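Asker: Construct the entire structure; sequences and hints are all you get.
Chains as they are written, first to last, in my numbering: chain V, 1 to 299; chain E, 1 to 291.
Since the hints were made in silico from the structure, they are not lab data.
One should not assume that every hint holds.
Said to hold, decoys possible - Stretches of chain E that chain V covers, calculated by requiring three or more beta carbons in the stretch to come under 8 Å of a beta carbon on chain V: (1) 76-90; (2) 106-119; (3) 131-142.
Said to hold, decoys possible - Take a look, some chain V residues computed to stay more than 10 Å from chain E by CB distance: (4) Leu83; (5) Met98; (6) Ala99; (7) Gly102; (8) Gly121; (9) Asp128; (10) Ala182; (11) Pro189; (12) Leu227; (13) Phe238; (14) Leu257; (15) Ala258; (16) Val260; (17) Tyr265; (18) Glu271; (19) Arg286.
Note that the coordinates shown come from a computational prediction; the quantities given were computed from them, not determined experimentally.
Note that the Cβ used here is the ideal one computed from N, Cα and C, for glycine as well.
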Amino acid sequence: MNWQFFVEVLVSGLLAGIMYSLVALGFVLIYKASGVFNFAQGAMVFFAALTFVSLVERGMNFWIAVVVTLAVMVVVGIAIERLVLRPLVNQPQITLFMATIGLTFVLEGLAQLLWGSQPHGLELGIPDVPIQWLADNANINISQFDVFAGLIAGALVAGLAVFFQTTRIGRALRAVADDHQAALAVGIPLRQIWAIVWAVAGFVALVAGLMWGARNGVQFALTFIALKALPVLILGGFESVAGAIVGGLIIGASEKLAEVYLGPYVGGGIESWFPYVLALAFLLIRPEGLFGERRIERV
Amino acid sequence: MFRRSRPANAHGFPMPAAPAAKTDVASYLSVNNIEVIYDHVILVLKGVSLQVEEGSIVALLGANGAGKTTTLKAISNLLRAERGDVTKGTIEFMGQRVDQRTPNELVRMGVCQVMEGRHCFQHLTVEENLLTGAFTRSISRADLKADLELVYTYFPRLKERRGSQSGYTSGGEQQMTAIGRALMARPKMILLDEPSMGLAPQLVEEIFEIVRDLNTKERVSFLLAEQNTMVALRFADYGYILENGRVVMDGAAQDLAQNEDVKEFYLGLSTAGRKSFRDVKHYRRRKRWLA
Ligand SMILES: Nc1ncnc2c1ncn2[C@@H]1O[C@H](COP(=O)(O)OP(=O)(O)O)[C@@H](O)[C@H]1O
Ligand SMILES: [Mg+2]
Chain V
1 MNWQFFVEVL
11 VSGLLAGIMY
21 SLVALGFVLI
31 YKASGVFNFA
41 QGAMVFFAAL
51 TFVSLVERGM
61 NFWIAVVVTL
71 AVMVVVGIAI
81 ERLVLRPLVN
91 QPQITLFMAT
101 IGLTFVLEGL
111 AQLLWGSQPH
121 GLELGIPDVP
131 IQWLADNANI
141 NISQFDVFAG
151 LIAGALVAGL
161 AVFFQTTRIG
171 RALRAVADDH
181 QAALAVGIPL
191 RQIWAIVWAV
201 AGFVALVAGL
211 MWGARNGVQF
221 ALTFIALKAL
231 PVLILGGFES
241 VAGAIVGGLI
251 IGASEKLAEV
261 YLGPYVGGGI
271 ESWFPYVLAL
281 AFLLIRPEGL
291 FGERRIERV
Chain E
1 MFRRSRPANA
11 HGFPMPAAPA
21 AKTDVASYLS
31 VNNIEVIYDH
41 VILVLKGVSL
51 QVEEGSIVAL
61 LGANGAGKTT
71 TLKAISNLLR
81 AERGDVTKGT
91 IEFMGQRVDQ
101 RTPNELVRMG
111 VCQVMEGRHC
121 FQHLTVEENL
131 LTGAFTRSIS
141 RADLKADLEL
151 VYTYFPRLKE
161 RRGSQSGYTS
171 GGEQQMTAIG
181 RALMARPKMI
191 LLDEPSMGLA
201 PQLVEEIFEI
211 VRDLNTKERV
221 SFLLAEQNTM
231 VALRFADYGY
241 ILENGRVVMD
251 GAAQDLAQNE
261 DVKEFYLGLS
271 TAGRKSFRDV
281 KHYRRRKRWL
291 A
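Answerer: Following this line, the structure appears as structure tokens:
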């Protein structure tokens, strides 16, 4: 076995993995704070990417388009909380889940209604070519774009972690995630907190949309990356930010390694289903996920 | 062993301002003949009235299921989150109608509830729990720190455990965290629900002594719901006894403690009295994720 090749596969897997983490993170944030499994997260990613690319194609400056799309996503997030979830307060979880499935189609339809349904290319100005220095010195080919995307995702995750751990609002978010009733009792306004969570999820969707869109083009298939996030969530636990990150890395790395090293024996095409096998196997061993928060049982 | 050092002199929490415009309502908190219905059909409180004077400790007594928690939640308006509704009567605090206020507004006005079963934020540290109590106040870091220190003078044990995840602290520590968290909102009145629940007698004594300290030194008024009738009456100024959603008796704490009926029902036969209500409580386990 050639070690350079192994490193190439591993690193590109990890870098793809951090992008899965990005999508999974959107799910985790909303699930933690409000207990809703937001099936529409993938549609939000699509909506964000399509809005951004359409604005840029209409001649808008790159950074202005980022800011405008961010504003749009925050508004979309808050609108979802207000118009869809708030009227359903106190309904069974399954009702809310169904509502987010409905929302998925509304968002997809809305995006295409506004911007048309043809695929777009998205150029972030970072070419998808091997890093020259690594190729020359170690004979390893690692895409510059993948590294860039990994760094952006990493920075976002770190930023969110700081926000959650050190700010007043972040602390309130964690408090709400722990105990709604107690949060109300100390005067934390739940609805305001939920609106913030949805806005943050919109922001995460924008970043994920930009990265995935630049990699694979902005097209309808982007909504399916929500399905990629599912095994990541099972592996990492629905309530754990750290789990989303580590889960993403594991899924990304293992699917690429499996494809390359196991694929030839079974005729290839492993990549698309291997993560689910891994996640299901894991589900049997540790149903709460890698970092899923165990309920602390103590009085 | 748990030891508590008394603060040499109380400072920090200001005296609650006297009601700006004295209305004809003499009481600080007054609950007037309220009726509470859950889920639009279950009538739980059938006309409860009570008064809490400024600076006093009032005990709300009664067996399990009598409606103590419901009364407190009606005041703090946590009732909505449980699909409960005040359908009759009024609640006034410092001369203002408060029955339509949100919990957030009530905390800002100075009314803060410490819920039955403590409800600490399990995955937050003890100190983070305390800090969430100050959510409604926009104050500087220095002031926040000073308030934390003040809470720690009343609960030195919490200072030792400030970095521990709350879920892993003892029941007594969680009760202290819950009270300390409420203090961080600088409340004028704390609605304290069953502070003695599940605690060893000695610890119950400690907690009640701290409550008395907070009452005299920080001038916090308390309305406390208790099944532990004797302890509550020892520390309270006044008491109300609830039965089946109605106030059946009220009076000065000493008088109630001497009353033969109270002695019989809530001291001698208290365990038998509770048993019959216990099976009514199972609905609580149905977890609600939303408010
Ligand atoms: N969320 C709820 N939904 C329906 N009924 C409730 C609810 N909470 C309390 N009750 C009813 O109200 C009665 C009084 O309960 P509660 O106020 O908790 O009493 P206490 O605190 O005195 O033990 C109980 O017997 C129970 O049947
Ligand atoms: Mg109760």
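Asker: Next, verify each hint and record whether it holds.
Answerer: Hints, one by one, checked against the model:
1. 76-90: holds (count 4)
2. 106-119: holds (count 8)
3. 131-142: Check passed, 5 qualifying residues.
4. Leu83: Non-interface label stands for Leu83 (chain V): nearest chain E Cβ at 16 Å, farther than 10 Å.
5. Met98: Non-interface label stands for Met98 (chain V): nearest chain E Cβ at 16 Å, farther than 10 Å.
6. Ala99: Fine: 13 Å to the nearest Cβ keeps Ala99 (chain V) off the interface.
7. Gly102: Correct as stated: the minimum Cβ-Cβ distance to chain E is 19 Å, above 10 Å.
8. Gly121: holds, 42 Å
9. Asp128: Holds, since 40 Å exceeds 10 Å.
10. Ala182: violated, 4 Å
11. Pro189: It is violated; Pro189 (chain V) is separated from chain E by about 5 Å at its closest Cβ, not greater than 10 Å.
12. Leu227: holds, 25 Å
13. Phe238: Holds: least Cβ distance 13 Å, greater than 10 Å.
14. Leu257: Answer for Leu257 (chain V): holds, closest chain E Cβ roughly 34 Å.
15. Ala258: Since the minimum Cβ distance to chain E is about 34 Å, Ala258 (chain V) lies beyond 10 Å and the statement holds.
16. Val260: holds, 39 Å
17. Tyr265: Holds: least Cβ distance 44 Å, greater than 10 Å.
18. Glu271: holds, 35 Å
19. Arg286: Since the minimum Cβ distance to chain E is about 19 Å, Arg286 (chain V) lies beyond 10 Å and the statement holds.
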